[in-house]
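Residue numbers (this note's numbering), protein chains in the order written: chain F, 600 to 1063; chain B, 10 to 393.
Think of the hints as simulated: they come from the structure by calculation, not from any bench.
Please read these numbers as outputs of a predicted model, since none were measured by experiment.
It is possible that some hints are incorrect.
[What the hints assert, rightly or not] Pairwise CB distance ranges, derived in the manner of DEER restraints:
hint: 1; chain 1: B; residue 1: 378; chain 2: F; residue 2: 606; range: 53 to 59 Å
hint: 2; chain 1: F; residue 1: 665; chain 2: B; residue 2: 200; range: 55 to 61 Å
hint: 3; chain 1: B; residue 1: 98; chain 2: F; residue 2: 808; range: 31 to 37 Å
hint: 4; chain 1: F; residue 1: 624; chain 2: B; residue 2: 192; range: 39 to 45 Å
hint: 5; chain 1: B; residue 1: 50; chain 2: F; residue 2: 998; range: 33 to 39 Å
hint: 6; chain 1: B; residue 1: 200; chain 2: F; residue 2: 711; range: 50 to 56 Å
hint: 7; chain 1: F; residue 1: 768; chain 2: B; residue 2: 50; range: 42 to 48 Å
hint: 8; chain 1: B; residue 1: 49; chain 2: F; residue 2: 967; range: 41 to 47 Å
hint: 9; chain 1: B; residue 1: 188; chain 2: F; residue 2: 609; range: 19 to 25 Å
hint: 10; chain 1: F; residue 1: 1001; chain 2: B; residue 2: 193; range: 34 to 40 Å
hint: 11; chain 1: F; residue 1: 606; chain 2: B; residue 2: 259; range: 42 to 48 Å
hint: 12; chain 1: B; residue 1: 98; chain 2: F; residue 2: 981; range: 48 to 54 Å
hint: 13; chain 1: B; residue 1: 308; chain 2: F; residue 2: 606; range: 43 to 49 Å
hint: 14; chain 1: F; residue 1: 609; chain 2: B; residue 2: 308; range: 41 to 47 Å
For glycine and all other residues, C-beta sits at the position ideal for the given N, C-alpha and C.
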Amino acid sequence: MLFQTPQFFVFLGVVLILFYSAPQRWRKFILLAASYYFYMSWIPVFILLLLALTAIDYCAARWIAQTGSLRQRKTALVVSLSANLGLLGFFKYYNFFAENIAHVLGQPSNAFALSIILPLGISFHTFQSMSYVIDVYRKEQEPIRNPIDYALFIPFFPQLVAGPIVRAREFFRDLYAWRRPSTAEASQGILLVLLGLAKKTIMADQFAQIANAYFQDVGKHPGMLSAWSGTIAFGIQIYFDFSGYTDMAIGMAKLLGFHFPVNFRRPYLASSITDFWHRWHMSLSRWLRDYLYIPLGGNRGGTLKTYRNLMLTMLLGGLWHGANWNFIVWGGYHGALLSIERTFRGGKPEDDRWTALYPVQAVATFALAMAGWVFFRAATFRESLYVLGQMLTGSKGEMLIPAWLLSLALLTLVLAVIEEKKAWFERIAVGPAWAYGAACALLLLSVELIGFTGPAVPFVYFQF
Amino acid sequence: MLFQTPSAAFPKRFAILNRLAADVKGGLAARLFAAVVIFAGLEGLIFHSGLYARIIEPDSTTGFMEVQIQNEIRRPKPDRNQVLAVGHSRMALLPRIENEKKPGTGYTFATIGLGGTTPRTWYYALRAVDPDAHNYAAILIPEDDYNEPDTWGDESERESDLHYLIARLGLRDLGEFPWTYKSTKLRWTAFEGIVLKGTVYRQDFQEFLDHPLARIAKAEYYRHDSAGWNYGFGGDARSLAGLEIDWTHRTASHFPAAVPEAEQKRITAELFPTFPPDAGRETAYLRYWYSKILDYYRGSGTKIFLLRVPRAPVSPPEVPPKLNSAARQLAGQPDVVVLDEHLLDSLERPELFWDSMHLNREGVIQFTEIVAGEVRKALGPPKP
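Bound conformation, chain F alone (with noise of 0.2 Å):
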């Protein structure tokens, strides 16, 4: 059930009249009902899956919580980790894993492989349970003594496939102080559901057909133009596809009351790859950073061991988007940029944005965010590798992005650009009825025309 088709919406109506007819004691057990209705939707029998893990993640709490001993203790949280890690890594990783046994050994790539499917939004709420756990073992949490309270956190539906990566204690402080939404939080939700659905509908999905047919047979279109062109729609594809999904996430969270974090702040702006990574997928960020980056030492251990922080982070990272050497190679790509611009700065904080030096830097983020995409996009690493030589070195090839959605790209653009200095849209969101409903009106209308006519497009981050 994707959420910009009429059946999620159809849902999604029904849930909210369900959840706000209910007395409140009953609302968590419609969002619970919901949710794993919304799951099983996709393949039924993963929902034993979910059961065990959230089972597993519960009781490992609960049990670090009441013992006192630092060994059970550490039991607790080794065997709730090697659970979430072993799931994630058998579903996501073992063919890749075996593929790359077979090639050591000279057999087939395909001589261990097994056909898996990947449960839905496996690499999300295996982080949310491991982040919960983790909390609860540091004393950051209070374990959750309500089961069915722990089973809503791990599949609410509005996050489950694709986040954003919400911690136990922001669910939480939402769930048990629960108050019904305001009228501008009310209006907010439903503004950012259809902000979500535009950029989905008509950013994300038509600007796929380019950057699909051109990654499809990159040898097609050689030339600079083509390979920039092609890249920089599947750039805009991915921003659009998975901002668009966060926002109606947020949205609907809204709209139930609870408060997710910001997940996106138009990376596309940013200064530097450091600005970029501040304001891509912030919540996966503040999850590495949290549970990866500080206890691998951070920047606490010396220059070299930063740098070698920095890398594992963001390779682990990479790895975390799919069990391939290109996702690898982006994050090695990104550790090695984020090193670099750290040598350069010196750790110190970054300056302020907006000085004249700022569209010179802005461009060169944006270009090499693009060059790392390629690695994102490509189906090997020749391919890549292809790409790339076309980008810098190719004849002049074609333009692969028609005028009217270059142009629309612009007006994105710009858009952010004021919504950076005068946050325009949050003023909407809160103004007078009649912007906001101008504001409602024109996203519907350019949704019903000039969004994507054919049948629904999976969100890319369905897939990690």
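Given the coordinates of chain F, work out where chain B should sit on it, guided by the hints.
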């Protein structure tokens, strides 16, 4: 976007947003009402006012139909002695052929026939060109076969009808048009299309955005000149002269040398279709839409003519007549003239066809003369 959690309000430079959020005027219902009203206003202004129909791609399903309808609406009709043909590509009436005789006959012929259209679209097209049911002395409707056999495709489930008609459908049609489809999916598509016309126009609109000025110029060009092109069309010069058809063994041979092999295969396949057992589905469909047209013109004095088009380049063997077909049952009704089904049998000759079902240049001339003659005879002298 920036929307913050309650515990982390907007940053200092956007502090005004916190004040605005705390002081939102009007309830959510008022804000949503404003959204609905503005959206409906924009939709209505662009799509329900006919504004967008002026720039629609003329070489598209909707565009073809609009060009035909607009041309017919604009065509001067100084009297009511107008004869209008509706129909698909096999309605071979060429008004120019007959109108050149007008001083002698007193009747003016016109057509809004269009390839790929169906009786459902003809009804709505007639309603568009003749809103008061008062413009015409006669309407000519073609039928492929008075036996109306069911085919493998269900004519009532053609989504393309929605595209042909979208510019002519309005909210008043919500009670009927969608429900003339059988499947829930198509009913929903039609319902959604009528309410939110942009969903049907979407592809066209996106193509418009790609070359807006060229589109506007093209639409304008068609608006001014297409009536002349259509009127001056003389028919296809190709011919299947020499073709032989063996209906018993379902073979076609002796194609003219100019017909390519692929075309020969296509023609052969079209000549010998197979039919499912007849369950009366086609008859029910035709009866429904013929009745709609008849009801529309009931009491107006307009006569409705039904004619069987030439079937094939060689007359196929006769089969027992289906007496309860929609066409045959119309025969006795007032203001309905069902032309003899053998009226055009003389045109079923390969030298008058250019493919398996369409008459060529000479064929359409003869078709027009025969049909117009029968119509004039049935109508009698033109009214002053």
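Has the hinted range 33 to 39 Å been met by the Cβ atoms of residue 50/B and residue 998/F?
holds, 37 Å
Does the Cβ-Cβ separation between residue 200/B and residue 711/F fall within 50 to 56 Å?
holds, 53 Å
Look at the Cβ atoms of residue 665/F and residue 200/B and judge whether their distance stays inside 55 to 61 Å.
With a Cβ separation near 59 Å, residue 665/F and residue 200/B satisfy 55 to 61 Å, so the hint holds.
Can you let me know if the beta-carbon spacing of residue 98/B and residue 981/F is within 48 to 54 Å?
holds, 52 Å
For the pair residue 308/B and residue 606/F, does the Cβ-Cβ distance stay inside 43 to 49 Å?
holds, 47 Å
Just tell me: holds or violated, for the beta carbon distance of residue 378/B and residue 606/F against 53 to 59 Å?
holds, 57 Å
Is the distance from the Cβ of residue 49/B to the Cβ of residue 967/F consistent with 41 to 47 Å?
Given a distance of about 46 Å, which is inside 41 to 47 Å, the answer is holds.
Do the beta carbons of residue 768/F and residue 50/B sit within 42 to 48 Å of each other?
Taking Cβ atoms as reference, residue 768/F and residue 50/B lie about 45 Å apart, which means the hint holds.
Regarding residue 606/F and residue 259/B, is the given constraint of 42 to 48 Å on their beta-carbon distance met?
With a Cβ separation near 46 Å, residue 606/F and residue 259/B satisfy 42 to 48 Å, so the hint holds.
For the hint 34 to 40 Å, verify it against the beta carbon of residue 1001/F and that of residue 193/B.
holds, 35 Å
Pairwise beta carbon distance, residue 609/F to residue 308/B, judged against the given window 41 to 47 Å
For residue 609/F and residue 308/B the Cβ distance comes to about 46 Å; the hint holds.
Residue 609/F and residue 188/B - C-beta distance against the hinted 19 to 25 Å
Given range 19 to 25 Å: holds, Cβ gap about 21 Å.
Every hint, counting from the list given before, is met by this structure.
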